[in-house]
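For reference, the chains in residue letters:
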Amino acid sequence: NAGVTQTPKFQVLKTGQSMTLQCAQDMNHNSMYWYRQDPGMGLRLIYYSASEGTTDKGEVPNGYNVSRLNKREFSLRLESAAPSQTSVYFCASTWGGPGELFFGEGSRLTVL
Amino acid sequence: QQQVKQSPQSLIVQKGGISIINCAYENTAFDYFPWYQQFPGKGPALLIAIRPDVSEKKEGRFTISFNKSAKQFSLHIMDSQPGDSATYFCAASSRDNYGQNFVFGPGTRLSVLP
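Chains A and B are the protein sequences, given in the same order. Okay, so the first sequence: first residue is 1 according to my numbering, each after it adds one. Okay, so the second sequence: first residue is 1 according to my numbering, each after it adds one.
It is worth saying that the hints were derived from the structure and are not from the lab. Since no wrong hints were added, every one of them can be taken at face value.
Lysine-lysine pairs mimicking PhoX-like chemistry, simulated, CA-CA at most 25 Å apart:
hint, chain 1, residue 1, chain 2, residue 2
1, A, LYS9, B, LYS42
2, A, LYS71, A, LYS9
3, B, LYS15, B, LYS57
4, B, LYS68, B, LYS5
5, A, LYS57, B, LYS5
6, A, LYS57, A, LYS71
Non-contacting residues of chain B with respect to chain A, defined by C-beta distances greater than 12 Å in every case (computed):
hint, residue
7, ILE20
8, SER65
9, MET78
None of the values given here were measured: they were computed from a predicted structure. Note that CB positions come from ideal geometry on N, CA and C, so glycine has one too.
This is chain A alone, in the form it adopts within the complex:
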């Protein structure tokens, strides 16, 4: 049971470079989310997708774009990375109602 799989696990970028974080879930969940985790700030929502074909902004969307490629996959793109985007990024998924949110292992991004 893979659950939620994120790639890459670690990445170092230079300011201005672009990259895409990939996320896939094998639980047939409708809703998928991208969070960032910074010390003392908990988990802040970047973007989410309530269902295949829809995406919406969360609390901190600036500097990011997302694509819900299909029901399984939800990617997060940084078009021009900035040091403020140094963080740990978590993808999560759920069936779409009040219930367990399943998280991936995280992607640790450093922007120099």
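Using the hints, position chain B against chain A.
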């Protein structure tokens, strides 16, 4: 109104003691209150959750107490063990026009001393 407050920021407890973490919310539309446990280098994992129509839920050594009128809920860890050392996040969830929304507290770092 979407914010979830959590305290304390860090907590040190002796083995066998009781760990208590408190959370508060404002949005009365929240209908699901989970607690997540996160170990270093791992993603958060659901520990226990409660709905607002229940005042208490217990699973093993872990208990959620929920006070709807005060808009507060807390996690109690009985007989705390060194293996419980982790970061704990409370959260609150509600459904809006775009789907199920989850809001997380800032986290509590628990250290249980042997």
